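Engineer: One gets our numbering by counting positions in the sequence shown from 1 and adding 44 to each.
To be clear, the hints were calculated from the coordinates, so they are not data collected in a lab. These numbers were taken from a predicted model, which means no experiment stands behind them. Check before you lean on any hint, since a few could be wrong.
For each label pair, taking beta carbons as the anchor points, the in silico distance ranges come out as [stated by the list, open to error]: (1) S238 x F168: 41 to 47 Å; (2) P194 x H231: 34 to 40 Å; (3) V288 x F168: 36 to 42 Å; (4) D78 x P308: 38 to 44 Å; (5) G145 x G239: 31 to 37 Å; (6) A68 x H301: 35 to 41 Å; (7) S167 x V242: 35 to 41 Å; (8) P287 x T235: 18 to 24 Å; (9) P272 x A143: 32 to 38 Å; (10) S167 x H119: 23 to 29 Å; (11) Y220 x S167: 35 to 41 Å.
Glycine included, each C-beta is placed from N, C-alpha and C at the ideal position.
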Amino acid sequence: MSTGAAGHVARSTVRPNSETSRRAPLRTFLYTADGISIDSVYDRGAVVYDAGRPPSRDLVFVVAHGFTGDVDRPHVRRIAQAFAQYGAVVTFSFRGHGASGGRSTVGDKEVLDLAAAVQWARSFGHARVATVGFSMGGSVVLRHAALYPPEGSEREGRTDGGTDAVVSVSAPARWYYRGTAPMRRLHWLVTRPSGRLVGRYGLRTRIHHREWDPVPLSPVEAMPRIAPTPVLVVHGDRDGYFPVDHPRMLATAAGDHGELWLEPGMGHAEHAATDALLARIGDWVLSRPG
45 MSTGAAGHVA RSTVRPNSET SRRAPLRTFL YTADGISIDS VYDRGAVVYD AGRPPSRDLV
105 FVVAHGFTGD VDRPHVRRIA QAFAQYGAVV TFSFRGHGAS GGRSTVGDKE VLDLAAAVQW
165 ARSFGHARVA TVGFSMGGSV VLRHAALYPP EGSEREGRTD GGTDAVVSVS APARWYYRGT
225 APMRRLHWLV TRPSGRLVGR YGLRTRIHHR EWDPVPLSPV EAMPRIAPTP VLVVHGDRDG
285 YFPVDHPRML ATAAGDHGEL WLEPGMGHAE HAATDALLAR IGDWVLSRPG
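Working from the sequences, and respecting the hints, build out all of it.
Structural biologist: So, in structure tokens, the structure goes:
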């Protein structure tokens, strides 16, 4: 396993996932560059694709869940199972979520969590990594792609924390947005002591009490820095958290290397992503040049 700057693997903690499979997933704790333990699962993917086409063996998806999710949540497992028809899949719990250590910084230091997961994914020998994030995870995959650019054009043997394709679903474009009732509730959850207690004991999410200092690069500021890595922005026109000006801002900032899908009737993040949409995302990733 690689032990570079993005993080490393605690070898002694690998254990089978609770899911049954002929190829049982591996589960371990990764350690980020700032020393946080991240509960992570690697699944080699389906043996045969449903339509008779084998999944890509050089491709691995790294899935970044939304706020209050974790690797064992049913909606996260459903996403993983959908992408396992196209390649291998790494899922993990962000800091402060589930069995991972630390406390959530709601999109700031989580970039280090994703970098460690991407590096681990590459250690299995996959030539291509696609990061797919939902809501908070959607903002993280954008910032990660901007902060961890590809190391040149040579992919073989790559072990860095960078990505080769990015998919951001239901992400905000800018910080501190409070224009909808769900986002006002989320700000209460994050900024108030009573809200953080609800997060800890009601939602299994431990939230850091400190404010951002400095304020991290916003998703819309990250977009121009992602090029030439291809990026797909997916957003529902009935998203109750972030209205459609957010994805439009992201797509405009991405320029020619970005693509926008505005999905009619879709709500927010993993719960709103249909199997058909996940299949389209899988096909989009497969069609990107390696």
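Engineer: Against this structure, judge whether each hint is valid.
Structural biologist: Verification of the supplied hints:
1. S238 x F168: 41 to 47 Å: Holds, since S238 and F168 (Cβ atoms, about 43 Å apart) stay within the stated range.
2. P194 x H231: 34 to 40 Å: holds (35 Å)
3. V288 x F168: 36 to 42 Å: holds (37 Å)
4. D78 x P308: 38 to 44 Å: Since D78 and P308 have Cβ atoms about 41 Å apart, the given range 38 to 44 Å holds.
5. G145 x G239: 31 to 37 Å: violated (21 Å)
6. A68 x H301: 35 to 41 Å: holds (38 Å)
7. S167 x V242: 35 to 41 Å: With Cβ atoms ~37 Å apart, the hint holds.
8. P287 x T235: 18 to 24 Å: For P287 and T235 the Cβ distance comes to about 22 Å; the hint holds.
9. P272 x A143: 32 to 38 Å: 36 Å Cβ-Cβ, so the 32 to 38 Å window holds.
10. S167 x H119: 23 to 29 Å: holds (27 Å)
11. Y220 x S167: 35 to 41 Å: At roughly 37 Å between Cβ atoms, S167 and Y220 fall inside 35 to 41 Å, so the hint holds.
Checked against the numbered hints above, the structure violates only hint 5.
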